[in-house]
Amino acid sequence: MRIDAYITEYARKTPQNTALEEGKNSISYSCLDNDINAIASSLMDFNRCRFVILAESGIQYIKVLMAVYRSANIAIPLPIEFPKFSLEKILDAAHINNIITTDKQYSRFGEDFFERFGTVIVISSDNPKKILRKSIETEVNNSELRLVLYTSGTTGTPKGVMLNDKNLVTNAESIIKVLRITSRDSGALVISPHHAFGNSIINSHLVAGGSVKIGNMNFIDPTFNLVGSGVSIFYGVPSTYRILLRYPDRFKRAFANVRTAASAGGGMDRAIVEEITGLAPDVEILPMYGQTEATARLAYLPAEDVDEFVDTIGKAIPGVILDVVDSEYRPVKPNITGELVAKGDNIMLGYLDDELATEKRIVNGWLHTGDLAQKLPNGYIRLLGRKDDLIKIGDHRVNPREIERSIEENNEVSKVFVVPVHHELMGTAISLMVIPAEGTKIEKLFAFCRKSLPGYLCPREILFIDHLPLSENGKISNRSIIEEYQHVKASM
Amino acid sequence: MEQIKNDIVEYLKANSFMDNNSSLNDNDSLTQNGIIDSIGLLELMDYICEKYSIEIPEDMLTPENFDSLQGITNMITTLAK
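Protein sequence lines, in the order shown, are assigned to chains A and B. Once you know that position 34 of the first sequence is 34 in this note's numbering, the rest is easy, because the numbers rise by one and skip nothing. Once you know that position 7 of the second sequence is 7 in this note's numbering, the rest is easy, because the numbers rise by one and skip nothing.
One chain only, chain B, in its complex shape:
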C-alpha cells in the first residue's frame, strides 16, 4: 500500500504541477488543488494501467477513485488482486 502511494507521489512530482517539497495529504483533491487536469488524469491512468498491469473499468473513473492519493491507492489495490 505505502509502496503504491510513493510511486504515485513520485509520478505526480515528475509529471504534474506538484512541487517537490510540497506535501500532499492522502485525501487532498488532486483536481481542486490544481495538481492535475483532465488530460493529466488520463495520462496518469495510462501510467497506472501499464505499471500495475491492470485495466480500469469505465465506471470506476470517478472522483472517489481518482481524485486523491488514497482513492487511487485503494483502487489499484482492489484491481490488482
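Only chain A is shown next, with the shape it has when bound in the complex:
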C-alpha cells in the first residue's frame, strides 16, 4: 500500500478527523484527500517521473508530497535549509526535469533558478496550483522508486537515498508499535520534514489515522504554544531539546500533558534526560536511532531503561534485525567492537544513480551503517563513533575531510583542519586550524564559510598553526587533530 492510500482510507472511515494542523489552520482527512487529488490530477500524465519538491514545512508541503505519490511519480524533496549552491549541486547530479514549489520559494529563489526545469508548478494558499510550464519526458527509473531523501550534512554532493512504498509503510508501522501511536495521538513536527526523521513523523501519524501539528523551532513562543496545545508525542533531535530546556518554566508548562518525548538524529545525553525528567516527571522519554538509509528508524531504547542505558541505542525496532560484525562480516561476541549492520523491509533500494556507493553500503542484503558498535550482554547496542571518521555537528553527519578540501580549494591557504568542539546548543560545532599561505586572511576564511557552508558548519574560531597535526605514527586523524588543538589552546 502507498502512504497516501491510508489518507484515502481515513477520509472514508473518519472523514471529519483532523489530519494536519499548522498555526490557526487545520485540515480534516476528507479535505486533505480532496486537495491531494486536485494536485495529483495535473501529474497523472507523467509516468514514473522525478519531481523535485521545493517547499517550506507546512500543510502545503505534505499535500504536494502525497500528490506525487498518488500520481505514481517519484518525490524528491529538497532540504531548503541548504545553501542555494548545494541545492544546485543536487539538481545537477540528479537530472530532474520537473519541480513543484510554493510561491514563497519561487520568489525567494528567483525565476532564473527555475529555468533548468521543463515542468514548473507553483502552489500557493489562495491559488491551489499554477502550472507555469509543462513538458513530459520519458525517464528510466528503478521501478519501485517512490521517494528520494537526501542525507544531511556534508559539503560534498549529498547522497540521495532511494526508498519504495514498502520501506515507507514498514518503517511507519514499526514506529507506530514502538511509540504506541493511535488515531487519538497528535505528533509535533517542529523539525525539517525534508529529512528522514521529519518524514517519519508524518508517515507514522497519518498511517495511524492520527494528526500532526506542524511548527518550527525558529521562535520559541509559538513552539511552546504548539506543544501545549494538545501534542501527545513530541519529536526532537537532541539540540531541539537543548534549545527548549533553556526556558525551564515554559518547558514545564508546555510539556505537562505530553505523553512521550521521542528523539532521534543523535544520542541523548544524560543531562538532557535528567532535565526533562526534573521538569516534566510524567513524560516518557524515548530515544531512537536510525539512518536515512533505513528509511528512518532502526533501534529504540525502551522508556523504562532510559535511566540505566541512556548511553546505548537499545534494541532493534520490530521488523529489523541488528548485528555487529567484524571486517569479514562475521558476527562478533558481546563487548567486541565491530560495525553495526541491519536487515529489514525498511532498508533502502540504494543511492540514486550511484551503484558503486550502494554496493559498499548494502552487502548480501545487510545495510552496513558505518557506525562502530558493541553488543552488551543483555543484547542492547552501544555506539562507538563512525568507522569513516565522520563527525556529528548539530545532529548532521559531516565528513571533516570534505569540508577541509572545500575550504582549501577555494581559499588562499596551505592546509585546513576541522576540529569538533563543544557547542552549548548543537552539542558539537567546528573550529578550524589553518596552516596559512601568503595572503591568508582570517576574515576572508570566515566570509567564505558563512556564504558557502550550511550555518551549523560555520567555524566558531580559526586558529593558525605552523605544522601538521600528526599522530605518533605519523598519521592525521580526528584524534590527532583534536590533540593538536588542545595543545594549541593550552599554550595560548
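I should point out that these hints are in silico values taken from the structure, not numbers from a laboratory. Treat the hints with care, since some could be wrong.
Said to hold, decoys possible - Computed cross-link-like contacts, DSSO-like style, restricted to lysine-lysine with a CA-CA straight-line distance of at most 30 Å: (1) Lys5(B) to Lys84(A); (2) Lys13(B) to Lys392(A); (3) Lys5(B) to Lys444(A); (4) Lys451(A) to Lys51(B); (5) Lys441(A) to Lys5(B); (6) Lys13(B) to Lys84(A); (7) Lys13(B) to Lys89(A); (8) Lys489(A) to Lys13(B); (9) Lys315(A) to Lys177(A); (10) Lys13(B) to Lys451(A); (11) Lys24(A) to Lys89(A); (12) Lys13(A) to Lys177(A); (13) Lys81(B) to Lys5(B); (14) Lys13(B) to Lys444(A); (15) Lys387(A) to Lys489(A); (16) Lys415(A) to Lys13(B); (17) Lys51(B) to Lys441(A); (18) Lys441(A) to Lys13(B); (19) Lys89(A) to Lys415(A).
Given the structure is predicted, the values throughout are model-derived calculations rather than measurements.
Given chain A's structure and the hints, the job is docking chain B onto it.
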C-alpha cells in the same frame, strides 16, 4: 533607532548567511529568506541582550518581534526604555 538597526545589520553580515552587498528591507523575513536559522536566532538574542543590557521575556520570542529588522529594532527600543 537607526543606530540599532545598523548594529543589527552589521551583526547579521558578520554572523549569518547575509551577503555584504545584499540589501535587506526593514520588514523582510529573516528566517524565510534563509538569513538566519533557529540556532542563529538564539545567538542573535544573546548578542542583543548583552549589547543593550536587556532581558527579553519568553513571551516576546515571536516572529513579530524577531523575524525582521523592524521588529527587532522596535523590541529593543521598547525594552531598553
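A quick look at each hint next to the structure:
Distance restraint check for lysine 5(B) and lysine 84(A): the Cα-Cα separation of roughly 27 Å lies within the 30 Å cut-off, and the hinted pair is therefore satisfied. Proximity of lysine 13(B) to lysine 392(A) is assessed by CA-CA distance (about 27 Å); at most 30 Å being required, the pair is judged to hold. Between the alpha carbons of lysine 5(B) and lysine 444(A) the distance comes to roughly 25 Å, so the proposed pair stays at or under 30 Å and holds. Simply put, lysine 451(A) and lysine 51(B) have alpha-carbon atoms about 25 Å apart, close enough for the 30 Å limit, and the pair holds.
A hinted pair counts as satisfied when its Cα atoms are at most 30 Å apart, and lysine 441(A) with lysine 5(B) qualifies at roughly 28 Å. Distance check on the hinted pair: lysine 13(B) and lysine 84(A) sit about 18 Å apart at the alpha-carbon level, within 30 Å; holds. With a C-alpha separation of about 25 Å, the suggested pairing of lysine 13(B) with lysine 89(A) holds against the 30 Å cut-off. As the CA atoms of lysine 489(A) and lysine 13(B) are separated by approximately 28 Å, the hinted pair is consistent with the 30 Å bound.
Straight-line distance between C-alpha atoms of lysine 315(A) and lysine 177(A) comes to about 14 Å, which keeps the hinted pair within the 30 Å bound. Only pairs whose Cα atoms come within 30 Å are accepted, and lysine 13(B) paired with lysine 451(A) is accepted, the gap being roughly 10 Å. With a CA separation close to 36 Å, the supplied pair lysine 24(A) and lysine 89(A) exceeds the 30 Å bound. Restraint check for lysine 13(A) and lysine 177(A): satisfied, since their Cα atoms lie roughly 21 Å apart, inside the 30 Å limit.
Note on lysine 81(B) and lysine 5(B): the hinted pairing holds, with a Cα-Cα distance of about 16 Å set against a maximum of 30 Å. A distance of roughly 13 Å separates the Cα atoms of lysine 13(B) and lysine 444(A); the hinted pair therefore holds under the 30 Å criterion. Distance hint between lysine 387(A) and lysine 489(A) is fulfilled; the C-alpha atoms sit about 27 Å from each other, no more than 30 Å. Restraint check for lysine 415(A) and lysine 13(B): satisfied, since their Cα atoms lie roughly 26 Å apart, inside the 30 Å limit.
Of the supplied pair hints, the one linking lysine 51(B) and lysine 441(A) holds, its CA atoms being roughly 27 Å apart against a limit of 30 Å. At roughly 17 Å between alpha-carbon atoms, lysine 441(A) and lysine 13(B) fall within 30 Å of each other, so this suggested pair holds. A C-alpha spacing of about 25 Å is found between lysine 89(A) and lysine 415(A), which places the hinted pair at or below 30 Å, so the restraint holds.
In terms of the numbered hints stated before, the structure departs from hint 11 and from no other.
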